[in-house]
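*Asks:* The primary structure of each chain is shown beneath.
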Amino acid sequence: MVNYFLRFERWTTRLSMLAAAAMLVISVSLGFYQVITRFFLDSPSTWSEVISRSAMVWCVLLGAAAGFRGGFMMSVELIYRLLPTRRLIWIEAFVVLCCVIVFLVLVYYGTAMTWRVRSQMLSGLEVSIGWVYAAMPTGALLALVAIMARLMAQATGLEAIGPVDSEVPADETVSAAPVASDSRLTPNEAERSDKS
Amino acid sequence: MNAAIGLSLIILFSLGVPIAVSIVLASIIGIEFFSGLPLLLVPQQMFIGIDNFPLLAIPFFILAGNLMAAGGISQRLVDLAKAMVGGVQGGLAMTCVLTCMMFAAVSGSSVATTFAIGSILIPAMVKHGYPRPLAASIQASSAELGVLIPPSIPLILYGVSTDTSIGKLFIAGIGPGLLIGGALLLFLYLFCKVRGYGLRDHEDRQDLPVAMKRAWIAILMPVIVIGGIYGGVFTPTEASAVAVVYAVIVGGFIYRELSFKELIPILRSSVISTSAIMLIIAAASLFSFLISRSGLPNEIAGWVTVVFDNPISFLLAVNVMFLIVGMFIETSAAILVLAPIFTPIAIMYGIDPVHFGLIVVVNLALGMITPPLGVNLFAACAVAKLSVDQLFPWLIRFVLVILACLIAITYMPWISMGLVDLIY
Numbered sequence: 001m002v003n004y005f006l007r008f009e010r011w012t013t014r015l016s017m018l019a020a021a022a023m024l025v026i027s028v029s030l031g032f033y034q035v036i037t038r039f040f041l042d043s044p045s046t047w048s049e050v051i052s053r054s055a056m057v058w059c060v061l062l063g064a065a066a067g068f069r070g071g072f073m074m075s076v077e078l079i080y081r082l083l084p085t086r087r088l089i090w091i092e093a094f095v096v097l098c099c100v101i102v103f104l105v106l107v108y109y110g111t112a113m114t115w116r117v118r119s120q121m122l123s124g125l126e127v128s129i130g131w132v133y134a135a136m137p138t139g140a141l142l143a144l145v146a147i148m149a150r151l152m153a154q155a156t157g158l159e160a161i162g163p164v165d166s167e168v169p170a171d172e173t174v175s176a177a178p179v180a181s182d183s184r185l186t187p188n189e190a191e192r193s194d195k196s
Numbered sequence: 197m198n199a200a201i202g203l204s205l206i207i208l209f210s211l212g213v214p215i216a217v218s219i220v221l222a223s224i225i226g227i228e229f230f231s232g233l234p235l236l237l238v239p240q241q242m243f244i245g246i247d248n249f250p251l252l253a254i255p256f257f258i259l260a261g262n263l264m265a266a267g268g269i270s271q272r273l274v275d276l277a278k279a280m281v282g283g284v285q286g287g288l289a290m291t292c293v294l295t296c297m298m299f300a301a302v303s304g305s306s307v308a309t310t311f312a313i314g315s316i317l318i319p320a321m322v323k324h325g326y327p328r329p330l331a332a333s334i335q336a337s338s339a340e341l342g343v344l345i346p347p348s349i350p351l352i353l354y355g356v357s358t359d360t361s362i363g364k365l366f367i368a369g370i371g372p373g374l375l376i377g378g379a380l381l382l383f384l385y386l387f388c389k390v391r392g393y394g395l396r397d398h399e400d401r402q403d404l405p406v407a408m409k410r411a412w413i414a415i416l417m418p419v420i421v422i423g424g425i426y427g428g429v430f431t432p433t434e435a436s437a438v439a440v441v442y443a444v445i446v447g448g449f450i451y452r453e454l455s456f457k458e459l460i461p462i463l464r465s466s467v468i469s470t471s472a473i474m475l476i477i478a479a480a481s482l483f484s485f486l487i488s489r490s491g492l493p494n495e496i497a498g499w500v501t502v503v504f505d506n507p508i509s510f511l512l513a514v515n516v517m518f519l520i521v522g523m524f525i526e527t528s529a530a531i532l533v534l535a536p537i538f539t540p541i542a543i544m545y546g547i548d549p550v551h552f553g554l555i556v557v558v559n560l561a562l563g564m565i566t567p568p569l570g571v572n573l574f575a576a577c578a579v580a581k582l583s584v585d586q587l588f589p590w591l592i593r594f595v596l597v598i599l600a601c602l603i604a605i606t607y608m609p610w611i612s613m614g615l616v617d618l619i620y
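Which chain is which? The protein sequence lines are A and B, in order.
If you use this note's numbering, the first sequence corresponds to residues 1 to 196, in order.
If you use this note's numbering, the second sequence corresponds to residues 197 to 620, in order.
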């Protein structure tokens, strides 16, 4: 059961990450396009800014799933160093509960909001702003699946518990591979390995 | 309502709930149980918070920085810095500061700087006989320059949340960046002389012209970005998009160290960083809406103006407050929530909002290298394979150096504003 869910989640999170990356590329390209149209073609683009912004909203919300799944969301991690490891699963469960409440609010009221603004158009375009607002419930739903999977994997002992250094994913690519693998250590693990 | 939100925030933060989730959940509690407002506000205000063109500069600069780092720029900058200052005793430590200053000019994040430069220079310093905790402390404190020297993510956030010109903020960041960088260089030079570290630092250096030839294209990027913004050629957001394209061209076609296959992990990590920071921005926007609606900022302003009768004592109080906040709260959340409350008060005291922005950011940047929540400390410790508490005895010296600079930046506005007045 857990394994099926985890497999399902791996698929949804990967898909949403792929879409988020595509949105980032679109957003950047339109930002650059805007410079080109103004300088080289001398006719500033009217639609690129609003699409660039909308693509970024989608990128942020779709990227949330992978961020929550890997524990890359910034938090105050002091408590992870104060409690013994076996108690940490309760902290994780509480954190997940908080996330679930927030995501459910975003799914429910985000959908309501999307429905409410459906007749509003994006400025300068004949497209409903609802398409952008829809990122909110969609992203929250995918993040909900991801965070449940994280808790399940930790509760069944498939994955280690604990925080990850906040911006580490940004730097796996930046630096040499051995550094990236070390930096994935949680602070409490790092301390323990030093004392031993 | 404010008390309920504040209390829930403290509890949620301390239980390790992600900052973005804590802020939204505290706001939900406030809205649902302590006000007559509809919960529809939650998605609406969060949406408004991130649907903002100037803010796009943040993800774009993150992406540009990641691309540049993977494209072979880090090693080139290290070589260049080593060629410039590496010749004296303690030169390797000074190289670290100088490289971070240059890397800061292509990246907006100090944590990214720590990983990119630290993974090269911390092992090098250890090999040259510097104690490992000292090497990590040097790296953590020099990387702080990443948020001062433009482009800077915290300065963009300050500009967006207080309606201050991001272009002016970027210019104003140069002076304090050079001051702190210079102070660190001087301190390390003297410190290594006294303690006798780094006697062999002059070995294996490249000649300056050779190193310059290898690195000049990377150094050119900040010139294009900054020059473009000041010349009015493009907005900071457009400049960041140009930086991304420049980074792809340099890494992919000129240095040829960036392959198509590497783009996927770079995009992936950039998306995660973007999402992490922008969700905090979305949450803070909801939070600020609730706080300002409740009239709390006016109450605080009224109270502050009664207690502090001149700008000098006000600035001192602000410094102490932001230092303490910076120790516990993540930088972007602190700026988004506090800057809109305190900047109008600062203006009442006759302080330029641009200067005030620099004071806020230098304070919070110092918070990045002070426990318990110092992102730079964690990053440097991860690279150096140390635990945070091993760093403290060494770190305190650097904190004091930067603290001295902070006082200078606070009470000598020309350090930040001189260049701004010259240009605008």
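Read the hints as simulated data drawn from the structure, not as lab findings.
The beta-carbon is built from N, C-alpha and C at its ideal position, and this holds for glycine as well.
Mixed in with the good hints there might be a few duds.
Simulated restraints on C-beta separations [unchecked claim]: (1) A/F8 to B/M544: 33 to 43 Å; (2) B/F230 to A/T156: 47 to 57 Å; (3) A/E126 to B/V595: 24 to 34 Å; (4) B/G202 to A/L104: 42 to 52 Å; (5) A/S29 to B/I450: 16 to 26 Å; (6) A/R7 to B/L236: 46 to 56 Å; (7) A/R14 to B/M408: 42 to 52 Å.
*Asks:* For the hint 42 to 52 Å, verify it against the beta carbon of B/G202 and that of A/L104.
*Replies:* violated, 24 Å
*Asks:* Holds or violated: 47 to 57 Å for the Cβ distance of B/F230 and A/T156?
*Replies:* violated, 39 Å
*Asks:* May I ask you to test the hint 42 to 52 Å on the CB atoms belonging to A/R14 and B/M408?
*Replies:* Hint holds: Cβ distance 44 Å, inside 42 to 52 Å.
*Asks:* Quick one: are A/R7 and B/L236 within 46 to 56 Å, going by C-beta?
*Replies:* About 35 Å separates the Cβ atoms of A/R7 and B/L236, which means 46 to 56 Å is violated.
*Asks:* Holds or violated: the 16 to 26 Å window for the beta-carbon distance between A/S29 and B/I450?
*Replies:* holds, 20 Å
*Asks:* Given a hinted range of 33 to 43 Å, is it respected by the beta-carbon distance of A/F8 and B/M544?
*Replies:* violated, 56 Å
*Asks:* Could you say whether the range 24 to 34 Å given as a hint is met by the Cβ separation of A/E126 and B/V595?
*Replies:* violated, 56 Å
Against the hints set out earlier in the document, violations occur for numbers 1, 2, 3, 4, 6.
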